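Protein chains in written order, with our numbering: chain A, 26 to 177; chain B, 26 to 177.
Hints are computed from structural coordinates only; laboratory data are not their basis.
Among these hints, one or two may not hold up.
No copy labels: a pair is met if it fits in one copy or bridges any two.
What the hints assert, rightly or not - The list that follows gives simulated cross-link-like pairs (lysine to aspartate or glutamate, EDC-like), each with its CA atoms no further than 20 angstroms apart:
(1) Lys-29 with Asp-103
(2) Lys-29 with Asp-43
(3) Lys-29 with Asp-69
(4) Lys-29 with Glu-75
(5) Lys-116 with Asp-160
Bear in mind that the values here come from a model prediction, so they are computed numbers and not experimental data.
2 protein chains.
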Amino acid sequence: MTQKRWAYEDMVEGMVLDLGSRVITADEIIEFASEFDNQPMHLDEQAGRESLLGGLAASGWHSCAIYMRMLCDAMISDSTAQGAPGVDFVKWRRPVLAGDRLSGRCTVVSRRLSQSRPGLGLVLARHEMSNQHGDVVLEMQNTVMMLTRRDR
Amino acid sequence: MTQKRWAYEDMVEGMVLDLGSRVITADEIIEFASEFDNQPMHLDEQAGRESLLGGLAASGWHSCAIYMRMLCDAMISDSTAQGAPGVDFVKWRRPVLAGDRLSGRCTVVSRRLSQSRPGLGLVLARHEMSNQHGDVVLEMQNTVMMLTRRDR
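Construct the complete structure from the given sequences, taking the supplied hints into account.
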């Protein structure tokens, strides 16, 4: 039996995990973008204002990474999760701007046991991050592999 | 007329952009994971070997971010690109391990002009990153918004 709090069996269809919230700062946006996505609207307030994004805005990949950390802290780190083969879709619905407070929410859509690997389950999860205005900024869906309690 | 090298008109269907290559180090993998995806297999060699990934492996989001930087350096930074509304799919096909040399390749699948915004084009692009063994580690597809030369 695993000692982890979250195993495959705990991921009940329809379950909603509140991932809490955090503020994203201009410095963080610029630091991430400098390394991974050095487009002007992610590096400079003025360039951001002149872009479609309307202000200094986080790289979409930065939004994904911030959500991932929220999911780790709320669930993955104390779970039997074994990674994921990919992401079904990513929608950057609205710009993430410096100073925004971001809230994460993960919903279990469905689950099934792996046919090929005993003790492994596949959890289809819907991911959503919103800003302080209640606008959804990020939507994703993917399948997370998780061990069952039984076969540990 | 834009002074940028790459505008919508340059993104010809079937065109392949070679994004060059770079090595990913253990330190980088651990640094990214410590901030954004602190699962054991992304933080520790031993834990990685015991996981499905088979070694100290980069977070999937780190792979995406590294690809993004390659695309910026090869094209986006000298282009009329205006961001992207999302990603159609992300496939983490194989683990990205410490010491791997990663090569990026971007293929233009199709393109069309925006119906609603004159001067804006939508470029459907296929993204691929491979390791030194020629194995594809990352596959993605998305639509990149780019200004046309004409309406600048």
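Against the structure, the hints come out as follows:
With identical chains, the CA atoms of Lys-29 and Asp-103 are at most 20 angstroms apart within one copy only, with a shortest distance of 5 angstroms there and 48 angstroms across copies. Taking identical chains as interchangeable, the C-alpha atoms of Lys-29 and Asp-43 lie at most 20 angstroms apart only when both belong to the same chain, with a minimum of 19 angstroms there against 44 angstroms between chains. Taking the closest pair of Cα atoms, Lys-29 and Asp-69 come within 20 angstroms of each other only across two copies (19 angstroms); inside a single copy the shortest separation is 43 angstroms, beyond that limit. In this homomeric assembly, Lys-29 and Glu-75 come within 20 angstroms of each other (Cα to Cα) only across copies, at 17 angstroms, whereas the closest approach inside a single copy is 48 angstroms.
In this homomeric assembly, Lys-116 and Asp-160 come within 20 angstroms of each other (Cα to Cα) only inside a single copy, at 13 angstroms, whereas the closest approach across copies is 28 angstroms.
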